[in-house]
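S.K.: Below are the chains, spelled out letter by letter.
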Amino acid sequence: MKKTLLPPLIPFIGLTLMAEFLVRQGFVRPYLVPAPSAVFRAMIDSRVELLQALLSTSAGSLAGFALSAFTGIAIAVLLSSSRAVQRAFYPYAIFFQTVPLIAVAPLLVIWFGFGIQTVIASAFVASVFPVIANTLSGILSTDPPLRDLFRLYGASPLATLFKLRLPAALPQVFTGLRVSAGLAVIGAIVGEFIAGGGLGSVVDIARTQQRIDKVFAAVLLASVLGLGLFGLINLLSHLTLRRWHASEQAE
Amino acid sequence: MVRRTFLKAVPAVGLLTACGRSSRIKLALNWKPEPEFGGFYAAPYSKHGLDVQILPGGAGTPTVQMVGAGSVDFGIVSADEIVLARSHGNDVVALFAVFQNNPFGIMAHASRNLTNIGDVLKEGTIALQSGLPFARLLERKFGFSHVKVVPSPGGDITSFLNDEKFAQQCYLTSEPIAARRKGASVKVFAVSEIGYNPYTTVLAVSGESLRKNPDAAKALVAVVREGWRAYLDDPKAANQQMHQLNSTMDAETFAEVAEVQKPFIETEDTRRSGLGTMSRERWETLIGQFKELGDISRTIPAEECFRVL
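Residue numbers (this note's numbering), protein chains in the order written: chain A, 1 to 251; chain B, 1001 to 1309.
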């Protein structure tokens, strides 16, 4: 515990103290960067509103992320079935990565309406590609000698997929999920800018009111959410891979 | 030998570029180039020896912070933003108010047969920038318990056109025109109906700049005033320039909006005291409203908020 929590905590405390000092002494103007104490006060003052917003954004990003995880893995499995299928459809998967989300979000609102469904859709669009890319890469890089072994024993393609290729791809799947988790939070918040609700809405409204302390408080909570999701994936990865994969056995 | 020449050249080039940079005046807009900024594009800056660069903005451009921080020399903000900014210690000052009357309104479908702004909030959906003072005044006055509040789509009227019970915040001079062109029959309610009427499209400068170089500000305001006079008399050239920068609005709409916005810009007050004029009473009323809303903790002296040059 000490080894993982203490090292990142030290620079955090240091930076916070420095920021507080800079704002109090007037080196940085408070309407550009709020003093950490002001952000803390905003968190306490608006705790009910921020907590509700956090719950809403969590729901939206988790749902979007779950959708990305399932759909992404499924698509990757489909793409891995043949070279031809891959060549035909992979470019469209890339579309999800490159489309500018802030431009697509208004379209999502027109199609799905104002509400959490659009937030989920936005989180999905933002986070599905890393899952597809990493899962596909994992499935396709199965050790050739192992594939040969399965072929020698007369295993069907489906059996090879579920008993060899997918399990072997798990570390890469988790890499994809780690990246996707953070993106799901970003996608949810972008969706909230346009569709309303959650931390995105708090940021937008506080910004209009020039309450930069509240903006920082909401952004901080969003980062915590992203970190939380990331930690969850790491835990899942550890539990799944600890018995046999080098990445979880180091140290 | 080469190194010595290079070392001598670097500070010289640096000096030259710094010179160029210091005389270029940056003016940041808080939206895309549209008729509401016409006078700024029509202004004859070079004729008066000024090198002005107009920076178009968009949704969320933080002009009031940009001016306060000094990243631009001048910016377009609204009077209510200035009051809020000053209460947070951001020293910005208004110099020229293009819109004498606030052109914010609520746009609803005519088929709903609504008679006043409160009616709009009795059912359906309303798209507002909830953080804006007028939205909060509306909430205080009428309550949002019967209406679904969603974020303002910023000029996009698609959701409005698709849903009869959808109302949205608008600039009286733009969205209604766009909606009518798409065949919708609209009824608009001016926000000033509830007594909220801050100056809008206001040219602002930082207090520090104003103290250091009042003549530069005065010179710019004079040219801007000329530009607005020119734009009001004939908007065609500036409209063309802006249309090239902002193709989301067609040329016909540019012309229509330029015409429709005239009564907001040229009023009895401006005919008496000049375009862009501001009065202390209007500022005091606004500050009072902010105090009532609880957005500012102490009263700000009205005379600190604006300067008529």
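Honestly, the hints are just simulated from the structure, not real lab data.
There may be inaccurate statements among the hints.
Capping the alpha-carbon separation at 20 Å, the derived lysine to any residue pairs in SDA-like fashion look like this [to be verified]:
1) Lys1187(B) <-> Val1260(B)
2) Lys1187(B) <-> Leu1161(B)
3) Lys1148(B) <-> Tyr153(A)
4) Lys1047(B) <-> Leu107(A)
5) Lys1148(B) <-> Ile102(A)
6) Lys1182(B) <-> Pro1301(B)
7) Lys1148(B) <-> Trp111(A)
8) Lys1291(B) <-> Thr1277(B)
9) Lys1182(B) <-> Glu49(A)
10) Lys1148(B) <-> Phe112(A)
11) Lys1032(B) <-> Ile102(A)
12) Lys1262(B) <-> Pro1214(B)
13) Lys1236(B) <-> Lys1218(B)
14) Lys1148(B) <-> Glu49(A)
15) Lys1141(B) <-> Pro106(A)
16) Lys1291(B) <-> Glu1281(B)
S.K.: Hinted pair, alpha-carbon criterion (20 Å max): Lys1148(B), Phe112(A). Please report holds or violated.
M.R.: 16 Å, holds
S.K.: Check the hint pairing Lys1291(B) with Thr1277(B) against an upper bound of 20 Å on the C-alpha distance.
M.R.: 24 Å, violated
S.K.: Between Lys1262(B) and Pro1214(B), does the CA-CA distance stay at or below 20 Å?
M.R.: 29 Å, violated
S.K.: Under the criterion that the straight-line Cα-Cα distance not exceed 20 Å, is the pair Lys1148(B), Ile102(A) satisfied?
M.R.: Answer violated: Lys1148(B) to Ile102(A) is near 23 Å, above 20 Å.
S.K.: For Lys1047(B) and Leu107(A), compute the direct alpha-carbon distance and say whether it is at most 20 Å.
M.R.: Answer violated: Lys1047(B) to Leu107(A) is near 45 Å, above 20 Å.
S.K.: Within a Cα-Cα threshold of 20 Å, do Lys1187(B) and Val1260(B) meet the stated pairing?
M.R.: At roughly 15 Å apart (the allowed maximum being 20 Å), Val1260(B) and Lys1187(B) satisfy the hint.
S.K.: Run the distance test for Lys1148(B) versus Glu49(A): straight-line Cα separation, threshold 20 Å.
M.R.: The hint holds at about 18 Å.
S.K.: With the threshold set at 20 Å, check whether the alpha-carbon distance from Lys1148(B) to Tyr153(A) stays at or below it.
M.R.: 63 Å, violated
S.K.: Quick one, are Lys1182(B) and Pro1301(B) close enough, alpha carbons at most 20 Å?
M.R.: 46 Å, violated
S.K.: Is it true that the CA of Lys1182(B) sits at most 20 Å from the CA of Glu49(A)?
M.R.: 39 Å, violated
S.K.: Straight-line Cα separation of Lys1291(B) and Glu1281(B) no greater than 20 Å?
M.R.: 15 Å, holds
S.K.: Hint check: Lys1141(B) vs Pro106(A), CA-CA at most 20 Å. Holds or violated?
M.R.: 30 Å, violated
Of the numbered hints given earlier, the model fails hints 3, 4, 5, 6, 8, 9, 12, 13, 15; all others are met.
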